[in-house]
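*Asks:* Each protein sequence line maps, in turn, to chains S and C.
Per my numbering, the first sequence starts with residue 519, numbered consecutively.
Per my numbering, the second sequence starts with residue 725, numbered consecutively.
Watch out, some of these pointers could steer you wrong.
What follows is a list of derived Cβ distance ranges for each label pair [stated by the list, open to error]:
1. C:SER812 x S:LEU706: 22 to 32 Å
2. S:LEU530 x C:LEU752: 45 to 55 Å
3. C:HIS738 x S:LEU530: 19 to 29 Å
Chain C stretches covered by chain S per the calculated footprint, using a threshold of three residues with CB under 8 Å from any CB of chain S [stated by the list, open to error]:
4. 756 to 763
5. 821 to 832
By construction, these hints were calculated from the structure, which means they are not laboratory data.
Everything numeric in this text was worked out from a predicted model, so none of it was measured.
All residues carry an ideal CB built from backbone N, CA and C; glycine is no exception.
Chain by chain, the residues:
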Amino acid sequence: MKSSSGGNAVKLFCMRNAVPIVFLLVSSVGIYYSQFTAEYLIQEMLTRLARNSFLVLSLLIPIMAGMGLNFGMVLGAMAGQIGLIFISDWNISGLYGMTLAALIATPLAILFGWMCGVVLNKARGREMVTSYILGFFMNGVYQLAVLYGFGSLVPILNPELVLSRGYGIRNVTNLDNIRGTLDNAIELEIMGIHVPLATFLLIGLFCAFIVWFRRTKLGQDMRATGQDLSVAHSAGIPVMRTRIISIVISTVLAAYGQIIFLQNVGTLNTYNSHEQAGVFAIASLLVGGATVARASILNVFTGVLLFHLMFVVSPMAGKYLVGDAQIGEYFRVFVCYAIISLALVLHAWRRHADKERARAALRGEAGGAA
Amino acid sequence: MNEFPSRRRVILKHILVNCVIVALLIALGVWCYTQGKTYKISLGNYAYTGEDGQEYPALEAVEVIIDDKEPVFLLEDDSGTGEATGRSHTMVIELLDEKDNPIESRSLQFSIADLDDNLDVNVAEFWRKAK
């Protein structure tokens with residue numbers, strides 16, 4: 519009887535963590551064939567963890583409020599980029615520049631988040647696809663504003679930023695004035711490996727904020743809203759307002775996340791940088807074992823590590839296995855997105871299986887009572 | 725029954741608190757702007773006429789360091805650009821010998837407001853001021 523329950527527990531564990539387990543196995547094979555040294559891999563993982571974790575963490579609050587994966591976080595990324603364009607124009611350097619970019623991005627992100635929240639409230643039950651399409655819509659608005667508004671309606675004084683025709687921002691904006699500012703704010707090197715300590719401290723602070731936020735009245739309201747909208751409404755929780763607040767917080771944090779991401783990269787691809795922010799962050803979270811309805815801080819870090827481990831090892835593994843790095847890259851794209859699809863399918867299947875199990879248990883108990 | 729504040733008072737308090745937060749954020753933004761603004765300073769090493777009407781020659785070879793950033797090497801009648809972040813700065817001028825080794829070093833505090841609109845600095849003049 520005991521071995522049977524133990525077997526069930528292992529089966530349940532494997533079922534719940536199927537995605538990270540598959541990813542870990544594929545990455546392990548990749549590590550073996552890529553022939554990278556441990557130091558190189560650790561350095562890469564630390565850099566990528568510092569670069570991406572903030573963006574991925576910004577997804578947790580909407581999941582808590584039952585709004586699924588917030589594809590609308592690209593709106594926040596756009597707000598962050600607008601802040602960065604302004605500080606590049608004004609030539610503001612260092613942490614002051616990053617702070618100013620965050621201050622400029624905040625009201626924009628609040629506005630975008632509020633708009634997104636209102637739209638998502640009208641599309642209850644289909645939040646993910648709505649926010650995904652809203653991202654495309656706002657991408658068009660952003661491109662219109664940056665390509666035609668900046669330099670004409672919005673004064674841009676730095677000629678290096680503006681297109682030769684006199685208005686519109688160039689494709690690539692150099693962020694030399696803030697490159698690595700946060701990552702190098704506190705110098706720490708362990709056995710030749712550079713640790714971006716200040717960025718990790720900020721990420722740690724964000725994690726503490728999430729833990730604290732869950733215990734607040736608003737956090738509890740969000741959890742109640744996420745569990746059952748109608749029950750929460752009956753309990754007197756302003757569900758629509760709570761949902762909007764969750765999206766606003768997520769969008770503002772995504773703006774800060776994008777600023778941290780781009781200070782690490784050091785170059786802003788004006789018209790494309792934000793496009794992949796949402797998909798990559800969501801993919802990382804799903805790879806970490808999160809679902810549409812449940813995500814934790816542990817999922818974030820596991821996901822970022824596994825997802826980016828695949829990014830690093832697959833081109834070299836492909837090169838050594840089949841003689842072409844590009845095939846490794848195709849393999850990575852194929853495996854990554856297949857796994858995201860798998861995560862979403864598994865979520866639907868698991869939800870169905872959980873329902874069936876609950877019904878079976880109920881029948882069993884009812885039978886026992888009779 | 726007057727233990728709870730009136731609704732009007734609560735709303736006014738909320739508005740006041742929000743206004744204070746916005747004002748603080750704007751103040752933080754202005755502070756970040758002034759402290760983080762990076763200026764490109766034109767550095768020249770030219771002969772000049774002092775206020776006393778006397779002609780002073782350019783320095784033979786110098787290295788100019790502004791706020792511990794990368795040094796700018798200037799020969800006689802040479803020019804270059806340096807960067808300065810914020811409002812007040814420290815300029816260190818190192819006089820070099822024929823083998824480019826420093827023989828004398830002087831430092832000077834200056835502010836962006838002290839410079840002209842083009843942010844031109846004559847290192848030879850600053851060297852004399854730093855005496």
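*Asks:* Hint by hint, say whether it matches the structure.
*Replies:* Against the structure, the hints come out as follows:
1. C:SER812 x S:LEU706: 22 to 32 Å: 30 Å, holds
2. S:LEU530 x C:LEU752: 45 to 55 Å: 50 Å, holds
3. C:HIS738 x S:LEU530: 19 to 29 Å: This hint is violated: roughly 49 Å between Cβ atoms.
4. 756 to 763: Result for this restraint: holds, n = 7.
5. 821 to 832: Violated, because only 0 residues of the region 821 to 832 of chain C bring their Cβ atoms closer than 8 Å to Cβ atoms of chain S.
Hint compliance for this structure: hints 3 and 5 are not met, and every other hint is.
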